[in-house]
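Let the hints inform the model, and build the full structure from the sequences given.
Protein chains in written order, with my numbering: chain A, 9 to 336; chain B, 9 to 336.
Think of the hints as simulated: they come from the structure by calculation, not from any bench.
Treat each hint with caution, since some may be false.
Since the list can't tell identical chains apart, any single copy or any two copies may satisfy a pair.
In silico SDA-like pairs for lysine to any residue, Cα to Cα no more than 20 Å straight-line [to be verified]: (1) K301 - G201; (2) K242 - P224; (3) K301 - R195; (4) K153 - G172; (5) K314 - Y302; (6) K129 - D55.
These numbers come from a predicted model, not from an experiment.
Number of protein chains: 2
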Amino acid sequence: MGKRPCSGNDGERLFVGVDLGGTTISAGLVNAEGTLLGIASDAVGEDHRPHAIIQRIRALVEVVLRGNSRTLEDLEALGVCTPGLMDSRSGVVQAAANLRGWREVPLVELLAEEFHWEASKVTLENDTNAALLAEAWTGAAAGIKHIVLLTIGTGIGGAIMCDGQLLRGSKGQAGEIGHSILVPDGRTFGGAGVSGIFEGYASCSAVAIRARELMPPDSSLSKLEAVECEDVFKHAAAGDSYATELVQETAKYLALGCINCCRFVDPELILFSGGMAEAGDALLTEVRRQFQKYHWNLEPVRVKLKLASAGRNAGLLGAARAAMLSQR
Amino acid sequence: MGKRPCSGNDGERLFVGVDLGGTTISAGLVNAEGTLLGIASDAVGEDHRPHAIIQRIRALVEVVLRGNSRTLEDLEALGVCTPGLMDSRSGVVQAAANLRGWREVPLVELLAEEFHWEASKVTLENDTNAALLAEAWTGAAAGIKHIVLLTIGTGIGGAIMCDGQLLRGSKGQAGEIGHSILVPDGRTFGGAGVSGIFEGYASCSAVAIRARELMPPDSSLSKLEAVECEDVFKHAAAGDSYATELVQETAKYLALGCINCCRFVDPELILFSGGMAEAGDALLTEVRRQFQKYHWNLEPVRVKLKLASAGRNAGLLGAARAAMLSQR
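Okay, here's the thing in structure tokens:
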């Protein structure tokens with residue numbers, strides 16, 4: 009029987025998605041239906057030099073292929089995602105968020121060389137865009153073409169899909185929603201030097217910082233040694249009034265940020281992921297309530313607010329999807 | 009000699025663009041290079057019934073064709089633009105901004121019937137999108153693919169082009185930048201019921217309102233019977249310190265709005281049009297200064313801020329361009 013080049017030994021189209029995170033590297037084997045067939049992970053380790061990272065990625069790819077009785081020849085393409093500033097068109101990571109010394113690293117070229125492939129077989133995507141691709145493929149946004157994803161953690165990452173296509177902008181910087189200005193001359197937050205940005209009010213880190221700043225002695229939170237965002241949500245659920253106020257205020261800022269997403273790009277669906285999304289429906293209900301309150305009176309609220317569903321594998325699934333889309 | 013159907017009698021491709029404004033209707037004959045060959049205008053008049061408006065449009069189209077020795081048969085397509093809420097895909101004006109009683113008017117269908125054409129020969133576009141199409145065709149944004157246009161007048165209209173395509177969003181509402189929230193729980197403005205929106209701080213109307221609110225008796229503006237936006241700019245240029253302060257504050261809010269455009273959609277160029285753009289370089293210089301001040305430190309400012317150049321004919325030129333693009 010003839011074998012199609014670049015596909016599994018039974019003719020199945022196969023892709024590897026690599027999620028190159030701050031502490032972990034994961035590689036997943038994914039088919040054209042978005043089914044994750046296998047996964048291998050390892051710590052990033054201390055040696056962040058590009059050559060060392062490339063070696064670790066190669067080892068993980070081989071592990072996941074072996075575990076599924078496949079070889080490198082079975083792969084149609086490989087996608088890699090990572091946080092940071094990058095040019096997905098040229099395949100260059102301009103500045104990695106969590107990898108020391110990564111400046112202008114031609115990651116696609118290096119990976120292609122390592123595997124003895126054409127560069128066109130390797131795709132680079134930022135991690136939030138990859139997560140959105142995963143959600144739109146097999147996750148909470150499957151079948152939907154106008155989507156915003158907000159990843160709410162240390163900061164707020166954003167990704168935008170319009171008419172089924174990732175919105176990139178002129179320099180690949182579209183969707184930096186966490187850095188939009190929501191309170192002119194407001195609180196300082198992070199290292200970008202701009203006061204009053206969205207993630208300074210509505211990220212997990214911002215909630216924790218705000219909780220500590222104005223802590224009243226009668227709040228149950230004041231008994232904790234270090235207050236984290238999840239504590240605020242837990243204590244609010246248990247009835248603490250200060251924590252409840254913080255949750256409501258956070259939901260208000262999230263709602264304002266979502267309204268601005270609607271005004272700029274008019275999505276059908278806004279997805280929440282990241283640490284804060286773990287607060288689940290308690291958070292969503294409050295964000296929806298505040299959204300309604302600040303929504304214009306020209307029409308009823310039509311955008312849907314939901315939790316993302318692809319979970320911790322969103323990055324590698326989306327990286328595989330990016331690789332698949334690049335082969336069209 | 010054979011004659012191509014749907015083109016001028018010398019084979020030139022010809023389009024009519026109609027700008028259906030609040031007080032004036034204009035029709036322009038435009039060729040495929042974006043040259044305006046002729047224009048005819050008339051007052052909208054008191055009778056806003058769709059049938060009456062359609063008749064006026066037909067009369068203007070015939071006037072402009074006759075003036076150029078052309079007939080309806082010479083036209084490849086017709087585009088019409090108007091302010092308001094509309095679905096350009098279905099050709100229905102949901103709510104016109106300035107035409108009484110216009111609710112769910114199937115403008116494309118009505119025009120096609122009037123001219124005995126297929127509906128595919130008629131295109132509907134909102135006026136800000138049309139203006140952006142004109143700028144990208146032959147105006148200040150020619151050759152640029154990632155553009156935001158801000159029309160600063162009574163409110164702030166917005167239009168976004170990404171990768172050469174108008175960004176429409178899931179319900180045709182993308183680019184409603186004037187309604188994005190810039191100051192949570194800030195000043196009320198307009199009829200949409202949302203406090204703190206961008207156009208409540210940076211539109212011409214907002215400048216005039218703010219000027220009157222806090223007028224100190226020693227300002228030269230206090231001598232005027234009714235202060236309008238252009239007075240504020242004139243008196244600032246003449247050295248009045250209150251007017252100068254107002255101009256600086258307006259420029260600051262415009263800069264913040266422009267930064268948010270960059271964070272959401274990352275344009276290469278932001279264009280200013282509408283009444284406030286008449287303040288010209290005096291305004292732009294101050295907006296650029298404030299933009300620099302509030303810009304993140306991750307990279308130097310790369311977006312360009314410029315005045316739109318298509319002027320009062322932007323709407324009909326862009327409507328003709330929309331018609332032309334629809335025929336591809």
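Evaluated hints:
For the homomeric pair K301 and G201, the shortest alpha-carbon distance between copies (10 Å) is at most 20 Å, but the shortest distance inside one copy (31 Å) is not. In this assembly of identical chains, the alpha carbons of K242 and P224 lie at most 20 Å apart only when taken from the same copy (17 Å versus 51 Å across copies). In the homo-oligomer, the alpha carbons of K301 and R195 lie at most 20 Å apart only across protomers (16 Å), although the nearest pairing inside one protomer, at 24 Å, exceeds that limit. In this homomeric assembly, K153 and G172 come within 20 Å of each other (Cα to Cα) both inside a single copy, at 4 Å, and across copies, at 19 Å.
In this homomeric assembly, K314 and Y302 come within 20 Å of each other (Cα to Cα) only inside a single copy, at 18 Å, whereas the closest approach across copies is 32 Å. In the homo-oligomer, the alpha carbons of K129 and D55 never lie at most 20 Å apart, since the shortest distance is 26 Å inside one protomer and 63 Å across protomers.
When the structure is compared with the earlier hints, a violation turns up for hint 6 alone.
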